[in-house]
Structures are given as C-alpha cells and as structure tokens.
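> Chains as they are written, first to last, in our numbering: chain A, 1 to 161; chain B, 1 to 189.
Treat the hints with care, as some may be off.
[Stated by the list, open to error] Which stretches of chain A does chain B cover? Using the computed rule of at least three CB atoms under 8 Å from a CB of chain B, they are:
(1) 133-143
(2) 152-159
[Said to hold, decoys possible] Taking CB as the label site, the calculated pair distances span:
(3) B:Arg63 - A:Leu63: 49 to 59 Å
(4) A:Asn23 - B:Leu154: 54 to 64 Å
(5) B:Phe118 - A:Gln154: 11 to 21 Å
Simulated from the structure, these hints should not be mistaken for laboratory data. Idealized CB from N, CA, C, for every residue including glycine.
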Amino acid sequence: MSVKALEKVAKKFASEVIDKHSNAGDDTLIVKRAKIKEILKFCRDDKELKFEFCMDVCGMDYLGYPNQDRFEVVYHLYSVTHNHRLRIRARVPENDPVIDTSVDIWPGTNWFEREVWDMYGVKFKGHPDLRRILMYEEFQGHPLRKDYPVNKRQPLIGPQN
Amino acid sequence: MNRQDMNAFGQDVYVTRADAAIQFLQQAINWGRKHSFFQYPFVTACCGMEFMATWAPKYDIARFGAEFPRFSPRQADLLFVVGTVNHKLAPYLRRVYDQMCEPKWVISFGACASTGGFYDNYATVQGIDTIIPVDVYIPGCPPRPEAVLDSLLLLQEKVMKERPELSERILGPQQIEEARQHRAMGGQS
Ligand code: SF4
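Just need the whole structure built from these sequences, with the hints factored in.
As structure tokens, this is what we get:
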C-alpha cells in the first residue's frame, strides 16, 4: 500500500537514498543524514503522503558492521489520512554523531530524541532541551551502545563494582 | 531471686521479678505493635497488582491489622518495597526509609526488590538490601497473596521477639544495665 509513498520519496530525494526495501510489507528507506529534515518535512506536507504522525524515533548501533556508518536514527511514520506507514532510517557516523532535530516538524518527537541521545549518544542539532530522559544526569556513557560493558554498574548509592 | 517461668504469651525464662515485669510490658507492647502495622507502600512495578489483590476483600489483609496505608513515611512503621527499584530511584527509597520513625520494619516484596530479579542490567538495583536493611523477603514474580500474608505473619513473629531496644526505650539504658548486672550476679551465685 505504501510502496507508492516509498517510491515517491525515493524519487524526489534520489541523491540522498542509500538503499530501500519492502521486506514483509515494511517499506523502508535508508538515507544520508544531511537532508533528513527536508525529507521528513516532505513526508508530512505532501498531499499524497500526509504522514502527520511520527510514531517513534529510535536508535540503532551497528558496531562492527563493515562498510557502514555505526549509528542509525529510525523514524516510524504513519498517515492517519491515508492509513499507510513508512520507515526512514538515517545513517549517522561514529566520529560525528549529530543529526538535525525533527522537533519542529512533529513536536511529539521531543522525548524520543532525548531517549536516543540518552541511550546511544546521538546528538540532535536544534533540539530545544537535549537532556537525558531515562538515566540520571550522573550516568557516564550511553548504555545501549554495543560497546557499553554488560556488567558495568553505576549506582547513585549502594555498592560500586 | 531466681525464677524460671513462662509468661502470659508462652515465652521463656526470667531471672528476677523486675526483669519479668519488664518483659511482660515489652510483650504487651510488641503484641500491640504486631497487630497494628501502618505500612507505607513503595509500589513501583507489576508486583503492585498482587499487592492490591492482597489488600482487596478476598484476601483481606485487614484480618492482620495491617490494612491502613499511610502515604507519609513519618506516620508509617512498615515499609513495603514492591517491585523493581532502579538506580535513579534508589536515593528516594533511602530517603523514605530515613524519614520513618523507629521502630520500623521493611518487607521486600518480589524477586525484583529482593535481588534485582531478571533485570541484571545497568539500570536496576540488585536487591534493596544493598541500600536499606530488610526484615522479610518475599520470593516470587509476583508473589501470590498467600505468600504476602505469610510474610506478614513472619514479621509478626519477629516483632514479638524484639526485646532489648524496647526496654531501653521504656526504662532508659541505665536500668537495663542494672538488670543485666543483677542477672549476671544471679547466674554466678
Ligand atoms: S518480581 Fe516480577 S512481578 Fe514483581 S516487579 Fe519484578 S518483574 Fe514485576
């Protein structure tokens, strides 16, 4: 159903697209991070796409994958008007983990982006209030990164290890 | 005067009449306390559902005199830690505990509160006994209401056995020391 939407976005931003697929009906577009804001804005505003609803923003850590940037920020979009969905994944390199914020497109992504920052350490440029949301301020590092030691504990009180 | 006897509550051995009187008073107070816990429910996760079930009419914790929750730690003497406690929350749990007046008891409700449960990860406290002292642990994920009531009975038993601290509070430490010396002399002679 949303293959059409996928094709439309892919065609419009052909130079940005790294890959696309529709595995099991999940239409996914993998893009470079540079124009992510324009892509998302286009998805929201285009009459045929009308993705008014950004259901989730999450992070991915592809540590150890060859020939690929380490991080990804994943946007799950849903159109209430047309009842279709699209997933957009933007690649973010490890040495400069920054991507433009989408808060001014969907205000609801504010806390999602804070979570991605908290868990993966990807910074969102232009975010109004980029603080940790789940962990405490004293926490060192980003726990969902694949190189965060699985046994590392950082209690505020109680025994350290 | 040496005397071996049972008190009115079926418990043992006193040396002097003064001791016996103190013990009797303690027993009476303990008996009152064990039937009137005022608990502070520190409910953080799914175990809370079983906690509510225990409070509801079917299992009816009011039968044991512990049905009245106080939502201020200053008015409570039994801290129920129900559910997962993470490191972000841990300082507040400690603070709640510190605000409670003596005498106070703690029940650790469920696998998470007792050991961290299956959340062996960066975020979760691996057992609240790393932060505060615990009197009774309830196993289970979540524990059945029967287990909760059982823990309450265990705690009642424990309260019934409490002695020295209480008498210090009734008479002051000096008299207790006198009584101890008295007893020691009685033992020697
Ligand atoms: S012990 Fe089980 S039921 Fe209780 S809080 Fe932990 S996960 Fe939930």
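> Run every hint past the structure and note whether it holds.
How the hints compare with the structure:
Counting residues of the region 133-143 of chain A whose C-beta lies closer than 8 Å to any C-beta of chain B gives 4; at least three are required, and the coverage claim holds. Coverage of the region 152-159 of chain A by chain B holds [criterion: at least 3 residues with CB-CB distance below 8 Å; count 8]. For Arg63 of chain B and Leu63 of chain A, the Cβ-Cβ distance of about 56 Å falls inside the hinted range of 49 to 59 Å, so the restraint holds. Range check, Asn23 of chain A to Leu154 of chain B: Cβ separation about 55 Å, and the 54 to 64 Å hint holds.
Between Phe118 of chain B and Gln154 of chain A the beta carbons are some 20 Å apart, a value that agrees with the proposed interval 11 to 21 Å.
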